[in-house]
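Chains A and B, in that order, give the protein sequences.
In this text, residue positions in the first sequence follow this note's numbering: the first is 1, and each later residue adds one.
In this text, residue positions in the second sequence follow this note's numbering: the first is 1, and each later residue adds one.
In short, the hints are calculated from the structure, not lab data.
One should not assume that every hint holds.
Claimed, not checked - No more than 30 Å apart at the CA atoms, straight line, and that leaves these computed lysine-lysine pairs for DSS-like:
#1 Lys176(A) - Lys7(B)
#2 Lys68(A) - Lys111(A)
#3 Lys181(A) - Lys259(B)
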Amino acid sequence: MKVNSNQTSMILTVPAALLCACMGTGGAFASESTERLSNPKYTFTTAVKSEIDDETLFSGGGEREFQKQSKQLQESFGLNVTQYSTLMQTTRSSVYKWHDLNTPLKKVRSKTQDRFNQLSFALYLIKERHQTLFGEWLRNPLDPLVQEVNELLEGDTILRDDFIELSTKINISLRKVADTKDLNNMLGIA
Amino acid sequence: MSFNKIKALEIGWDQCTAFNVDSAPELYQAIKAEHQDTNGVYLVLSHPCSLLHPSYNVEENLEYILGHVVNECLANNMYGKNPRLFDITCSSTNVTYRFNQNYRGFISRKKLDESNVCSFVLSETNRTDIKRWMSNRYIASALPDKFDLRIGSLRNKLKTLYSKEVGKLCRSVYLLIDEPTKDLDDANSYNISIFYTLSNTSYDLMCNEEDSDVSRFEVFLNKVSELFKKVNGIELNKTAFISESNLTLEQLNNSKFIKWNLDYISLGKVDSELAEPIQ
């Protein structure tokens, strides 16, 4: 994988093996890397050099792994099938097929792998404790921030710099959602 | 003679506009002597429907509240946290005023359409704060006397804490209490949680500090928890900051979620005057 540090809006790519390792460890990558990537001084290039080995790129052949990771991504962020299919730029039926772990996929297209990598890397900028609220939060059409995030995530490519900039706002907004839920629980409001 | 509503609107009269001795000398003269202050401003409290009503027979008077000039805003008097005092700095003049519920009164509004408003201009948020402050005077919940007795001297310590840096950012204090009306016997404790509301800007600041090594907001909450550990009969389960913008009507209407005005004076302050406990 080539990474040009001079690019201001770099397309996100992340090795699936790395994601796999993170997911498999209860999201350890998510919390650690999220913190570091939230730090403006911590650039993607740094991350690439220190953590991502070119040889560990998601290179196909790991269809079963893709199915598991994709399912986990959808569930971890509380996305429904419609949302997830929109963000992955595919159909609902494709998502159902991907996530049917009893029926192995024959092949995962490289375009799908790339999209998955872009989406994963963006979403893991969201703090782990708020991740499950993301899907619900994303379904509020009246919130201008939600509109902005949807627009970004539904684009042909997910631009890293734009999402990093937004991630602070998203995390604050998700924290507010969590506050509201906590208070509702305490007050017995359904 | 009828009220000239169009002229009054042109002048700028509305709820939460103000006048003073210079802008409206005739209105000023109608104010009773003990409320007259040549340095003060008189904020109009009357609802626009009353203030601008065409008939003097239907709506004879306007209600005002006097604001005295003070050096600075005290944190506990800001945003309507104190039910009796409201400190505010006028952005247009940079002068700080203290409004006191004791200085409210009524005067005839017959000269209103011939008098001018003064340069005391409030933002929409400040207007809302003042209107909420006024309505809370009548609808604020009272806490059980036993609860107030147990809080005792902690009240002043909390007020001191609330008057400092982070406390100054808190726009209101809400109390979630399991027994909001009953006077519990000594064997039972009140279980409470305290929520401090912040503006969006302050909430963002808190979130950003949370990611740094030292968070002033966290220190503040820890101090509150420490203070409550010394109180018998009150268990503090949770303290947290919440964004004012995310409070829902359903939450605010919940009887267990009480806006906590710290200078609330309970009968329980003097034992001999205790009313019959509410069971």
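Problem set entry | Given pair status - lysine 259(B), lysine 181(A), alpha carbons within 30 Å | Since the Cα atoms of lysine 181(A) and lysine 259(B) sit roughly 19 Å apart, the hinted pair holds (cutoff 30 Å).
Exercise. Holds or violated: lysine 68(A) with lysine 111(A), Cα cutoff 30 Å?
Worked result: Holds, because 18 Å separates the two Cα atoms, which is no more than 30 Å.
Exercise. Is lysine 176(A) within 30 Å of lysine 7(B), Cα to Cα?
Worked result: Violated, at about 46 Å.
The structure fails to meet hint 1 from the earlier list, while all remaining hints are met.
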